[in-house]
Structures are given as C-alpha cells and as structure tokens.
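Trainee: In order, the protein sequence lines correspond to chains A and B.
The working numbering applies: residue 14 is where the first sequence begins, and numbers increase by one.
The working numbering applies: residue -17 is where the second sequence begins, and numbers increase by one.
Honestly, the hints are just simulated from the structure, not real lab data.
Ideal placement from N, C-alpha and C gives every residue a C-beta, glycine not left out.
Treat the hints loosely; a few may be bogus.
Pair by pair, the computed Cβ-Cβ distance ranges are [unchecked claim]: (1) A:A19 / B:H189: 29 to 37 Å; (2) B:R8 / A:F66: 24 to 32 Å; (3) A:P37 / B:Q145: 18 to 26 Å; (4) A:T91 / B:G107: 32 to 40 Å; (5) B:Q71 / A:E46: 34 to 42 Å; (6) A:Q78 / B:D158: 50 to 58 Å; (7) A:D42 / B:G1: 33 to 41 Å; (8) B:R43 / A:Q15: 19 to 27 Å; (9) B:Q71 / A:Q78: 23 to 31 Å; (10) B:F12 / A:S43: 31 to 39 Å.
Only part of the chain B face toward chain A is listed, based on derived beta-carbon distances under 10 Å [claimed, not checked]: (11) I18; (12) V21; (13) A123; (14) R127; (15) H129; (16) N130; (17) W156; (18) E157; (19) D158; (20) P161; (21) S162; (22) R163; (23) M165; (24) K170; (25) L174; (26) K177.
Selected chain B positions facing chain A (Cβ under 10 Å, derived; list incomplete) [said to hold, decoys possible]: (27) V60; (28) I84; (29) W164; (30) E173; (31) K176; (32) I179.
So you can see what is in the structure, the chains are spelled out below.
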Amino acid sequence: MQTIAAVLRNYIAQNILFSPDEFPYGDDDSFLENGIIDSTGVMELIAFIEEHFSISVEDAEITPQNFDSISRLAEYITAKLNHLPTWAG
Amino acid sequence: MFETLRFAFSLLGEALAEGSLFPLIRQQVFYQRVAIPVVIDLTRLSFSQDPLAGSEYQCVRLQQQAILTGQQVFDRPVRRFDALRHLKQGLLGFGLSNSSGILFGDMWCALPNNPVACQDLSMLGLSCEADALYALDMFLAPAYRGHNLAVRLHRSVELALQQEGWRKLYAYYWEDNRPSRWMHLMLKCTELEKKRISRFFGIKITHQGI
C-alpha cells in the first residue's frame, strides 16, 4: 500500500508536471519557491486530494504550512484523516 | 450609456459561452466574503532578468490610441471594453501578448487617489502612500492558464513599476478564490488584516471583525 507521500508524488509527477519519470523534487522542496505547482495545478491537486482521500479542504487551510511540499501536504492530509487540527491562515 | 450596455451584454455573452452565469452573479452578490488585502514592497524585489525572458510572450503597456487604432488587439472583446474603460478612468494597464501580438491577459493599477482605487481601499480599510499603486482586475484567458503565466505577468508588471520608481503595490484577493490565493502565495505578498465584505451589485459593506 502506497504512503500518502508516494500517492502525492505520483499524482503530481504524472498529472501536473507530466513527467514520465518519478517526481523530480525532494519531499521537502518548496512548491512555491520552485514554481512546481501553479494556481491551476493547485486546483487540480486539491480536487484530487479531496476525492482520493475523502477529505474536504477548507479555503483557510490552503497555506504554505499545509501545502508547500510533499512532506507538508502529507502531514496535512494525515491530520485531516485523523481529525486533528491543521494550520489555517 | 451605449458602451456600458454593450459591455454588460458582452459580459453576459461570455458568461453564457462558458456555461454558467453563476460566476458572474457571484462577483456582484455575496454575503460576508473574506477579502485578504496584500502588499508587495517593490523596493525589495530584485530581478535577474525579465520574468518573461526566453518565452514567446511579452508584457506591453496598454494605450488607448493603440487599442482604438487596432495596434493593440485583444483576444476577447469584453477585455477590450474593459481596457478602454479603465484607461478612461486613468488606470495604468499592462497586457500580455502572444507571438502573434494578440493580448490574452491584462492587469491594471491605479494611483491611490483614483476613484476606482479609493472605493476598494475604503472597503479594505487601507490607505496607500503617494508612491504606491493599487493593483486590480487581472485577467488571463482560460486557454493560457496552467503555465504560471499569471505570476510571470504580475512579476513583469512589478518590474516595470519598480523601474518607474513606484515603491509599493497593494491588492486584494478573495479567500475563496483558490487560484488567486495560490498565485499571491507564489508572489510572496505580505498579507494585511482580513476583511469580511458583503455586496449587492454597487453596494459594498465591510463588516466589523473577522
């Protein structure tokens, strides 16, 4: 069974970066700093996350603390799945 | 009056062509929507190169005469109407053109004492310095979205404004406008105090507290 991080890496690599290879960045590499995901890509990513993990992403939760890297996103999704508090801007 | 009606019908036509009037209505009627004012310190920006360098796109200054004579051509008629209206209102306009010279994106800035800016700044509880501008009404044609062009257009405008001696750029976005939120995060804007706003067409109310 894939980890959350692996699911995210695969999705972003295939559907947002259109990379034939694996996700070409590290899990802690900043999406914003590296321009990995733009404003259209983040919408697709959120839609995927909500459908795949059956969670609801609130507007105020779209923050760098939650969304700016594979690691942070995985932590955010884990917290949501476990009904724990998340960063809200 | 005729131009206003023509503009309104173009706006309606575009909305219908895109399949829904809801986004258009949503812009005009809402209750307690959260606005996030932001500011960019233009003096702290350093550009190693033009943000659009190496691409087939170009950021150009929009001018009324150039639009009227067909030298500057818009992809969408409604943006042409908007551009002429904004220029008449004294706004500074920047367009994003493709290799054919067709404008598919644009962004506007207003001096703080401009009535258009004053209305928004009052709504947001902001006061701009004399050497600051207020950014508004950014548009990118749907076919060109998804390639980070919005950020690059914004950065090109920031570079142009910096070169002209402007020191700050204020703006705002709606918290529920997720693409805009992400774009402003990419631009590393400084967020200011959030405001809760209600609107019924021309009537805007800022609520106390957030």
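Trainee: Hints first: check each against the structure and report whether it holds.
Mentor: Here's how the hints hold up against the structure:
1. A:A19 / B:H189: 29 to 37 Å: About 44 Å separates the Cβ atoms of A19 (chain A) and H189 (chain B), which means 29 to 37 Å is violated.
2. B:R8 / A:F66: 24 to 32 Å: 27 Å, holds
3. A:P37 / B:Q145: 18 to 26 Å: 35 Å, violated
4. A:T91 / B:G107: 32 to 40 Å: 38 Å, holds
5. B:Q71 / A:E46: 34 to 42 Å: 37 Å, holds
6. A:Q78 / B:D158: 50 to 58 Å: 19 Å, violated
7. A:D42 / B:G1: 33 to 41 Å: Since D42 (chain A) and G1 (chain B) have Cβ atoms about 37 Å apart, the given range 33 to 41 Å holds.
8. B:R43 / A:Q15: 19 to 27 Å: Because 50 Å falls outside the window, the suggested range is violated.
9. B:Q71 / A:Q78: 23 to 31 Å: 39 Å, violated
10. B:F12 / A:S43: 31 to 39 Å: Given a distance of about 33 Å, which is inside 31 to 39 Å, the answer is holds.
11. I18: 8 Å, holds
12. V21: 16 Å, violated
13. A123: 12 Å, violated
14. R127: 5 Å, holds
15. H129: The hint holds - H129 (chain B) has a Cβ within 10 Å of chain A, the shortest such distance being about 7 Å.
16. N130: 4 Å, holds
17. W156: 9 Å, holds
18. E157: 5 Å, holds
19. D158: 5 Å, holds
20. P161: 4 Å, holds
21. S162: 7 Å, holds
22. R163: 6 Å, holds
23. M165: 4 Å, holds
24. K170: At 8 Å from the nearest chain A Cβ, K170 (chain B) passes the 10 Å test, so the hint holds.
25. L174: 13 Å, violated
26. K177: Result: violated, 14 Å to nearest chain A Cβ.
27. V60: 21 Å, violated
28. I84: Violated, because the Cβ-Cβ distance from I84 (chain B) to chain A comes to roughly 20 Å (cut-off 10 Å).
29. W164: With Cβ-Cβ at 4 Å, under 10 Å, it holds.
30. E173: Holds. Min distance 8 Å.
31. K176: This interface hint holds because 9 Å falls under the 10 Å limit.
32. I179: 15 Å, violated
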